[in-house]
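Going down the list, the sequences are from chains W and S. Read in order, the letters of the first sequence correspond to residues 1 to 429 in the numbering used here. Read in order, the letters of the second sequence correspond to residues 430 to 603 in the numbering used here.
It is possible that part of the hints are untrue.
[Said to hold, decoys possible] Examples of chain S residues lying across from chain W (beta carbon under 7 angstroms, computed):
(1) Val475
(2) Ala476
(3) Thr478
(4) Val480
(5) Arg498
(6) Tyr501
(7) Val508
(8) Lys510
(9) Pro511
(10) Gln514
(11) Glu545
(12) Leu548
(13) Ala549
(14) Glu580
(15) Ala584
These are computed hints drawn from the structure, not numbers from a lab. Quick reminder that beta carbons are idealized off the backbone N, C-alpha and C, glycines included.
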Amino acid sequence: MQKMMRRYLLTLMTLLAAWPAYAQFRVEVSGVGLTQLPIAFAPFRGEDAAPQKISAIVQADLERSGQFRSVPTRTGALDENAKPDLVPWRQSGADSLVAGSISRLADGRYDVRFRLWDVVAGRDLGGQSYAISQADLRLAAHRIADFVYEKLTGDKGIFSTRIAYVTKADQRYSLWVADADGEGAQPALTSPEPIISPSWSPEGRQLAYVSFESRKPVVYVHDVASGKRRLVANFRGSNSAPAWSPDGRSLAVTLSRDGGSQLYTLDVTTAGSEPRRLTQSSSIDTEPTYSHDGKFIYFVSDRGGSPQIYRMPAVGGNPERVTFTGTYNISPSLSADGRWLAYISRVSGAFKLHVMELSTSNVTALTDTSADENPSFAPNGRLLLYATKQQEREALMTTTLDGKIKARLAGQGGDIREPDWGPFQKTPN
Amino acid sequence: MSMKKLALIGAVTLLVAGCSSVNLDNPPVDDRSSGGAAAGSGDSVVAKTAVTPVDDGKSSQAAIANVSRLVYFDYDSYVIKPEFQALIDAHARHIKADKSRKVVIEGHTDERGGREYNLALGQRRAEAVRRSLGLLGVADSQVEAVSFGKEKPVAQGSNEAAWSKNRRAEISYR
């Protein structure tokens with residue numbers, strides 16, 4: 001365990017020294033999974049001269065997933081063409097090997113190629129090539145990680161997806177869109193007033209969020225590529241907690257236009273459409289989130305005297321209570337397969353990320369931190385992204401669903417919060 | 430503006446050139462990804478939008494001198510304590526005296542707990558003050574209750590001294 005940590009620290013220090021761009025992202029593995037696949041990464045031929053260390057990005061991606069353990073690399077040039085002598089790799093404990101190359105094309109772009117080997121069976125598991133601009137080198141590395149992950153685990157990889165989050169620095173709030181590892185962040189919005197609750201649309205092109213720029217909370221829908229945005233909820237009182245329906249046609253929101261905080265749905269395909277009220281209570285009803293089949297809305301209500309998670313039919317109807325342990329359970333998030341519910345529970349005054357298996361109601365606490373907030377699932381349901389505080393500083397973390405492997409995304413300077421993990425990107429052929 | 434447009438066009442161009450992959454399974458490898466035939470989905474382009482600050486009307490002359498605009502609350506409570514009743518009475522008289530006066534009651538919480546749930550708790554505090562004003566005869570059309578949740582603390586620090594200052598509703602004349 002200690003040896004593991006030391007190795008990671010060493011790796012980290014080497015990377016920090018050699019590669020300033022990498023300093024934003026810190027792998028902090030705080031445990032060891034039981035069934036990690038041992039994999040080796042040969043340095044890509046030509047990557048010493050390239051702007052991004054492709055093999056290191058692939059390695060960090062796969063390690064962060066919690067399902068891989070990297071085996072120290074061996075010296076000797078390798079690329080995607082040569083069939084390597086797999087015996088020494090097998091002896092060093094690897095089950096798989098990734099080898100590749102990166103070269104500059106005449107038009108200034110880069111050609112990135114790789115091949116994945118099953119070291120044990122001595123089999124070629126396939127490879128790909130990408131001709132891409134320098135700006136897309138990281139994306140290519142994430143696509144390689146996705147390929148390897150899918151081949152070896154059978155699950156779809158999430159490394160080429162995007163996340164959104166909010167930073168606060170010097171009284172300026174910024175909404176960022178970044179790679180799933182927190183790198184390559186680009187600002188989508190800056191504001192002198194708070195921004196909270198960003199939420200990706202199901203096709204990953206728009207973000208709904210709450211902005212306080214008009215000195216009250218209102219809900220915007222923002223097209224990420226064009227920067228165009230429109231105000232979709234600016235009713236009397238507070239407007240907050242936007243959540244997309246899986247078909248992308250409506251938003252569930254919390255409005256206080258009729259008194260207390262209640263749930264409504266808004267048709268976002270028609271400008272200026274009248275919200276439809278979903279709940280009728282004198283309690284707080286907020287933080288709606290749709291199940292991925294669109295049939296249910298999970299939400300937070302204090303109708304029982306303390307905030308708990310409930311679910312009801314998405315068209316409205318009788319809510320049934322979902323959480324029963326503790327007196328403060330908020331911020332529900334559902335995995336795409338409907339198997340898991342992640343939420344924040346207050347335990348002895350500390351706010352901690354929990355996950356519940358919905359079929360059994362078994363609950364697992366995942367963290368040692370005490371100010372966890374706002375979990376969201378990776379689109380393949382194998383990782384959770386959440387905000388927390390470490391040494392009094394805000395941080396974004398990912399964790400596996402057993403809580404054993406965590407990684408910290410260090411992002412921009414200042415405070416960092418309100419993460420939301422975007423959907424799978426459509427992969428061009 | 431034109432710079433932004435240029436940057437966007439540049440980014441789109443790069444993207445069109447990028448992002449496509451060729452399977453290496455059937456050599457010889459032939460690079461089909463050049464020439465922009467396989468257009469990118471536009472997914473890695475992010476345009477930046479900046480919000481300009483709105484005028485902060487907190488020093489509005491409509492406010493009453495020498496009367497506090499702050500009502501403080503206990504933890505997890507939206508009950509208006511008796512010591513704040515006189516303050517609310519004074520504001521009620523002042524608002525009623527001029528039907529053109531508009532106030533926004535801004536509810537706030539301390540830093541503990543989730544942002545959205547705190548927004549709802551702050552809303553409850555703001556609504557409690559709004560209802561008190563209503564009971565004193567202030568027209569509903571003159572008062573709006575909104576919440577900032579835990580987003581706008583006046584006191585920094587993770588201790589009761591700071592928290593008790595942040596659990597508040599502000600009567601803001603607009």
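request  = List, from low to high, the hint numbers that the structure doesn't satisfy.
outcome  = Hints 5, 6, 7, 8, 9, 10, 15 contradicted; others consistent.
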